[in-house]
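One-letter residues, chain by chain:
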Amino acid sequence: MSATFLLLRYSLKRFRTTVLTMGLLLSGFQMILIAVARSIQTSGGFEQLSALLPPFARELLGPSLTSFMSFAGIVCVGYFHLAVMSSLIALAVTIATIPTSEIETGFIDLILARPLARHWIVTRTIAALLLSTLVMLALMMGGTWTGLQVLAPKDVPWPSWKLVFSLAANLGLLMLAWGGVGLAIGSASQRRGVAGAIGGLLALAAFLLDYVGRLWKPAESVAWVSPFRYYSPFEMVMGNPLPAKHLLVLGCIAAAGFGTAYAVFARRDISH
Amino acid sequence: MAPISIRGITKQYGRLRAVSNLHLDAAEGEILGFLGLNGAGKTTTIRILLDLLRPTSGEALIFGRDCRAEGLQARASIGYLPGEMGIYSDLTGQEVLDLLAGLDRQTVDKKRRRELQDRLEFPDSDLRRRLRVYSTGMKRKLGLIQAFQADPRLLILDEPTEGLDPLMQQSFYSLLADAKKRGRTVFMSSHVLSEVDRVCDRIAILRNGELVLLSTVEETRSRAARRVRVSFAEDTSAPRDLPPGSEIVQANPRLWNLKVQGPLGSLLRAMSGLAVRDIEIEEPRLEDVVMEYYHEGAE
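So the sequences go chain by chain: A and B.
1 is the number of the first residue of the first sequence in the numbering used here; add one for each residue after it.
1 is the number of the first residue of the second sequence in the numbering used here; add one for each residue after it.
Bound-form chain B, shown alone (with noise of 0.2 Å):
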């Protein structure tokens, strides 16, 4: 049963539609990369499935139970951590974790949560302290603590970096691994590219509540171009005809700048009696696709 089933979600607000006729799903112990710009409508299916937000059309299963009519059950396999930490800056950070432990069915077991606490280096003197002392940081931490404490077979992410220095971005990444290694399904929104490229197995993209793409990580990105620079032991005037996939970005008479689409055979080829006296090859970047999508016309 698919952790998280999205099947044709829909959701007006008067004249806006913020997420339309979305189709989505989630395999068991994949991390799935929800991106799309502010705006998109990543935290409205977010809500959605929490039963927070009430979908216009459609329907959400989460393990096959819908959000809404069997939305205990269906939470009940859930740890979700929100965009923004809203909790009573009165409680201690303790009490946080106590009162998020009590309401959820499954038991939270303490070696579990000093083991987060551990890895993200909150200290009991610091889980003692009131959050109104608390930085962004640490109300991170503790939200990443109250999301992964109970060991939920889903987690649901909104921006979980945000905040974070990067040796704990670094502690999360092994976290995330951690919870994929023993077959845990996460579903994260990231503005991060990096932090997709690196930890997710498959990204959706999301634009102006549509889906543009639904597509693994690896095939994404071997849509991107790699860039090459080409350096010439003598003045190297450029072709007028270049292999189909190339395309010169930035000529001088001893340097190239290219693109280059696919396989580089064509144009190692199509250099061979050249003065090559060097050549560089960036690999394809994830984030020159995504961002591609991200702009209004593309494909």
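Same shape as in the complex, but just chain A (with noise of 0.2 Å):
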């Protein structure tokens, strides 16, 4: 169990520059969003941009419209803009990918021609998985809070903590959904940038799938299968609790990728 410590000690401080500075620059994005939230809001613009859409857009977007037409609304976008969850999503997967990198460089045949057993090594990755999730949402809420103290105009509402907790709940699962994804592909691979590529083109895929079938109703059949169906940012801000079942869907799809690396890695051939 100590080497498990050690190893994740020595992962952590490589990783640390990464984690930090994206986090940072996360945090910062919570904040900038926050300043132009309050410049829309100060010169009166989310009224002017409700107003200028068409009534029969107003009816079809229904309360959806004055949630998001909003200072609460356009914080709120800081936990699900595309930028953010594929920023997201891409360090779950280089940290996922950490075994497959360790393999690559032959560095895993030091560790493992020590007395540790294989299954530490998947351990750890997810320890570090686990830690770097919390750090990352840690720093985004920071960076909304720090925005909210310092910029955020009097006498307007501000997004509640429970939803911003939601929006991170969601989006953290969703993160290690996919770093559980990465790692079953990693934990099967020789090559970190050929597992990084299918685990980025899957993501993608999903995404897509995800996204067509909210817009189209035959692909919605299918639609299930992906991940980000499973985090619904537009529901929560509207109003919506949390669905449990989306956290279920997730974490379960994490195990199962942790899992499937715990078997795979325990099984494979270690060659570079």
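Hints were generated in silico from the structure; no laboratory data involved.
One or more hints might be untrue.
[To be verified] List of simulated lysine-lysine pairs, BS3-like, C-alpha gap at most 25 Å:
#, chain 1, residue 1, chain 2, residue 2
1, B, K180, B, K110
2, B, K139, A, K13
3, B, K180, B, K111
4, B, K139, B, K111
5, A, K13, B, K110
6, B, K110, B, K181
Remember, it's a predicted structure, so these values are computed and weren't measured experimentally.
Two chains, two frames, some hints: make the complex.
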């Protein structure tokens, strides 16, 4: 066990700059969004934007329009903006493929030539993934909190902390689910680049599937296989609670990925 | 209990048989050279011993422990130097040694590490540097320190002197001699046959995944023909018949180059009536025998 902590410490030490830099960037992004929302709010832009929409569009969009055309709505965008989601998923896949990188470089030979069971390599990676996810979300929420404290105009309703936590929790589980997928792919791969590319392409395909499924009825029947289907920020911003089913499904995807990684890594030949 | 006991190991990759029904034992306290051309199956065998690769059939034991079923106990007594040191370039040498020492079950004695550093001329200032600035030789020295630092009972070394300068090679040989003196077993692969000749007690030669020779270095060397150079004071024609085991490689009127297998007595007797001016005898070389085995047609 202590050997795993030692490995985890070294892995985190190697990744701390990447995780902290990305976390601070996303934290800064939250603050920028708050500054943008403040600017629109103080110039009366939300009312103007709403008025510009034709009545049929306002009817079509329903309550989501008022949810998004508001200060709180823009602040929440920081938790489901495509750039934020893709950054977090890329980080998850990068961390999940640490074992593949160690196989590729040959570092794993030195580690596993010691009395260390293979499953600790996977456990260490899962721990690194969990910690990185927590750090990223904490920094993002820290950015939201700081931005609201410093930049939010007075007398404007903020998004509730329950909503922010729900968005962060759902986003965090989405990140872990992709981490699980990345770890499963990486545990069977020889090259990190290949594992990363497969993980990235899968994420893109799943995102497109979910997107098409939301717009086009026939695609909806297969869109359930996409993990993105289980991240519904719009519904939460409109006031719906965080669906437990979504958390469960994403958690199961992550667990299945981790389980597959344990099984595959225990059986595979390690050669570079 | 034998430090290494390989029983009928076969490793197949699809149609390719990397190692074929290999049986091999290493005795306690010996230095066993593991030889073969690239792709002969040496590294595959080493990786099976470390449970990095799983054999298609057969089993390998380290001090009586199955490399797979009891891998943790088996590897607890191994110090391993890989052929290529794959290490994170953003770590310092010190961090690598500390990390690997932390993963060992044996406690690493700081004095021992200091002694290794001194003998391999690896000062603390180098240990504090990041690995990205290390030369090939420095990485090799770091690799040797991490393999030897826990003073393991069995050392598995893959091309240990690759990249080391001649002085460091000498230091390494002295480390090996000390390890042997303390009863440690060394299993090393090498392409440097002069090194094998110098440090190994026995050699095992693999060819296309099959063991083609397992013998002591002395015995192997004795199979080699000696090179004999005879110069004459006057023109001498080469005889039609030479004693069995002797063969003229090149003959000039005043100089013969011969290869002699076995004792020289009969050759000397055959030349007793000739105007011999000088005789030079080269000791048999391990390299000559090993090279024969490397070639496909060797017996």
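Hints, verified against the model:
no.	hint	in the structure
1	B:K180 / B:K110	21 Å, holds
2	B:K139 / A:K13	21 Å, holds
3	B:K180 / B:K111	19 Å, holds
4	B:K139 / B:K111	21 Å, holds
5	A:K13 / B:K110	24 Å, holds
6	B:K110 / B:K181	21 Å, holds
Going down the numbered hints, you'll see the structure goes against none, and every one checks out.
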